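Asks: Here the protein sequences come in this chain order: A and B.
Its first residue numbered 1235, the first sequence is counted upward by one per residue in our numbering.
Its first residue numbered 208, the second sequence is counted upward by one per residue in our numbering.
In case anyone wonders, no lab produced these hints; they're calculated from the structure.
The reader is advised that the hints may include incorrect statements.
Calculated lysine-lysine pairs in the DSS-like style (CA-CA distance at most 27 Å, straight line) [stated by the list, open to error]:
| # | chain 1 | residue 1 | chain 2 | residue 2 |
| --- | --- | --- | --- | --- |
| 1 | B | 289 | B | 430 |
| 2 | B | 322 | B | 629 |
| 3 | B | 289 | A | 1722 |
| 4 | B | 322 | A | 1683 |
| 5 | A | 1683 | B | 326 |
Being a predicted model, the structure only gives us computed values, none of them experimental.
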Amino acid sequence: MEKALAHIDWSAMTPELILVTAAALLIVLELLLPDEASRDWLGWLALLAVVGAGTYVAVHFGATAVDLLQGSYRTDPVAQSFKLVLLGGSALILLMSLSRENREGIRARGEYYFLLLTAVLGASMMTSSADLVTLFVGLELLSISSYILAGIRKQRTDSNEAAWKYVVLGGVSSAFILYGMSFVYGLTGSTNLFVVQQRIVEAYQTGYASFVLLSLFLMMLGFGFKIAAAPFHMWAPDVYQGSPTSVTAFLAVVSKTAAFALVTRIVLVAYLQLIELRVWEEIITPLLLVIAGASMIIGNAVALRQTNVKRLMAYSGIAQAGYVLVPLASLGMALFESTLYYLLAYSLMTVGVFAVIMAVERDAEHGELSAFAGLYRRSPLVALTMTLMVLSLAGIPVTAGFFGKFYILINAIATQHFWIAAVMVVTTVISYFYYFELIRQMYFRPAPKGNPLAIPISTAIVIGIGVIGTVGLGLFPNAVLHALGQLKWTEVLSIPQTPPGP
Amino acid sequence: MTVWNGLPTWVTFSPLLGMLVLLFIPRQQNRWLKWVGMAGTVPPLILALIMFAKFDPQARGVQFAQNVSWIHIPLPQSSGWKLSYAMGADGLSISLVVMTTIIAALAAVGSMYLKERLKSYFLLFLLLEIGMLGVFLARDLFLFFLFFEVTLVATFFLVGIWGYMERERAANQFLLYNGLGSALMLLAFISLMFVFGTLNLDQLQVRTSQLFAHPEWMQGPVKPVIWGIFLCILVAFGIKLPAFPFHTWMLRVHVEAPPAVVMIHSGVLLKMGAYGLIRFGVDLFPPLVHQMATCLAALGLVNILYGAALAFVQRDLKRVLAYSSVSHMGIILFGIAALNFTGLQGAVFQAVSHGFISALMFLIVAALYERTGTTMIDEMSGLAKAMPVLSGVLLAGGLALLGLPGMSGFVSEFLAFLGMFKPYPVIAGIGALGLILAAVYTLRAVMAATFGPFLDRWERLTDSKAVETVPMLVLLGLIIAIGVYPQMLGEPMQTTLQMIVTRIGG
């Protein structure tokens, strides 16, 4: 079993290695560069690293699963697809924060870029881990980087408050996850997910059922926090509002995608065998569905009363988290496909929306909804692109967001969970109100200023990709569906050929 | 016929041509924007008329059919879902398509009163036309839903930006009700997909017939699902129609939307409800409709009487027309509930006829409002002296509205009630009261507005201009043409309706 480090096929880890090298390089350069030197090119370096990592994943997309480091690290179809989504999202966010205009008062540019890189690295590790320890390391790498990023505008009180809240509540949630993981280890004697999968049934049947469930509940508490699902969502609005917009976009897109990768992997791989004991059906599904339903209801209902755009997006994100949980909860027939499709659509539209928010916020110097007033008269094209992406978030055809919801709805109905389908449908209609409030501001309200909104070129590219992706995936979802349909998801759930020792 | 296979697609997407040209016209060029906007409705009109001319009334089934596979959702343990881009026209859709293109063209002319943001107005207007035409021509339920939602979004903007004082509330209410309706529709369609494995209309017809041919399904687990789907469809299109008690949003839109949009809304959008009820309710679920027929008839009765009674007490001409629409939609429900050939024919006739009549009435209201600055009946008093032509057309429109023989409204109401009297003589008898009430409220409103004491402030008013008179006369001509020669409308739909009636066994 013991392999020398030299014999390990490190190429499977190339994306992570690129990211870690670039992050290290950035730290060193930041230290060596004189204080007055421009740090703008560090951002380009970071972007290059993320694009490079993404390209590597894209080129090797669809390859069979590879196990590394005694089975604690794995590149399989799930990891690859999640990684593509989050690397793509990160690249767009980096591109968005590159331009001179979009600095948002972030003074420590070098720090900002390498923290983003370490956060992406953590996210990337989370998608590829098959071991509780590596999962947790990835999670904490992502979390701690995010805490600092949230508070990177040291001189601003709201940024400080955001970071403070995020650290405290994030720490608590990590503790819950760790506590849950410790039960798993105690019950099965292993941290490897596939070993856990085999042994947890035994533990369940030999009188430790309550502990098995306790471990799951504790972890779900923490996961609920990480994906900002109700009722663990309280941090999201404050953190979203206080962070710089680029960081908010990162939290909304990359952090959330990574957290979903984590939830999917742990819940599905570790507890999969419980399906046969009907535990899934009787306990896990209702538990997840309640979280999903609560997220949809609370997220959409509270969003109605928001006047700050980023808070609105936070509640919208809470609601969207509820939608994405449905396929996992119901063990729908196209679980991975629909989850990934939705996350991809969500990333594209959310990044695009945040790019517009960033430009509008800078122009109006505040983040209230009224900053969007009359945008249509000032910059019709920006207003139109924003409209398309907001319509997509609301789930109006012919957009990616619609098809994503449609796909998830199929899962809910196929598994006969009609009540969650009904909740989805009703809350979606409710969500029209606040999404259309943005549209009302842009089209129905008079503009306070007459000048067109200034959009830096890099932001324009991000918005362009967001819109093209949103509409393109809405009209021709087949492009992605076909690729997703080709992947062998079952490999993810099955045990690797040579199960590693405890 | 193969050359014409793409015709429905051409008709549906031909407004794109106008949109494309509009994009290149600067925002300030109001004159040009108006002309191009109006011209943009001509290609679909011409193509629809070509389609109407090429349509073979004797042929059974769909004509100009087109079917391209579009989205394939891979699913484990099955071949997955195939959604297709399927378009085509049958007797039910052809007349509605022609009506849509005519009303759209005239409503574009009716948009002349608008003064601001014309570019986006006409872009949305043409987008709305694409949606409406697509709704009537789609042969796949998923595709139907997409077009349906396009009309929703376009109408929201048209009402919310260019409407009157309370436009935003109207737009919001429109969005809420219709959003809920579409959501129910989507749930129904997805469930249909699960039960029958397809969303293609022609395949669905075959598979539902197969299911209903075996009465055992009533005992099976599929029964509640089928009923659920059916009720969702009824409510979804009931909201759109609108059937009582889902009508409140429609009143607001009628009052607050800009005149041209009300022409479209009252003329075409409400008819999508009727179309959906017949196409997806009656045609796909015959045995269920039979069980619900009494309920539909009762709803129709409530619509007729409630709408008529409230139309009578309104003092705003727009509200009179709005409530009269509620009343007239009840007649469509009657026609459907009758479940026989005559009744269904009456329902479709009423859909088309009311489309033209209400478009005409709102065009006149817009012209009056433009001159007098009011739509309150009491304040209009004595218009006939200052504007004989407009008042004359208003009177003629009113006569059409109350169903004077020789005009389209009479034929439709006659057919619908004739169909209704066979299965439900009592309900039909009470419903007939609505016809009398219609005469009362229409004449009261029209007379009070045009005759009565002449007001001095009307001295300087000008009568209607040619650009207003022409569309009015075209509509009036169509209304009379259908009234005098109903075969024009009846012939193309005959075969299709007969097929539906055979399926429902009525």
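Asks: Residue 322 of chain B and residue 1683 of chain A: Cα distance at most 27 Å?
Replies: Roughly 22 Å separates the two Cα atoms, so the pair holds.
Asks: Run the distance test for residue 289 of chain B versus residue 430 of chain B: straight-line Cα separation, threshold 27 Å.
Replies: 25 Å, holds
Asks: Checking one constraint from the list: CA of residue 1683 of chain A to CA of residue 326 of chain B, max 27 Å. Satisfied?
Replies: This hinted pair holds, its Cα atoms lying about 21 Å apart.
Asks: If you draw a straight line from the CA of residue 322 of chain B to the CA of residue 629 of chain B, is it 27 Å or shorter?
Replies: Violated, at roughly 52 Å.
Asks: For the pair supplied as a hint, residue 289 of chain B and residue 1722 of chain A, confirm whether the alpha-carbon distance does not exceed 27 Å.
Replies: Roughly 21 Å between the alpha carbons, so the hint for residue 289 of chain B and residue 1722 of chain A holds.
Checked against the numbered hints given earlier, this structure breaks only hint 2.
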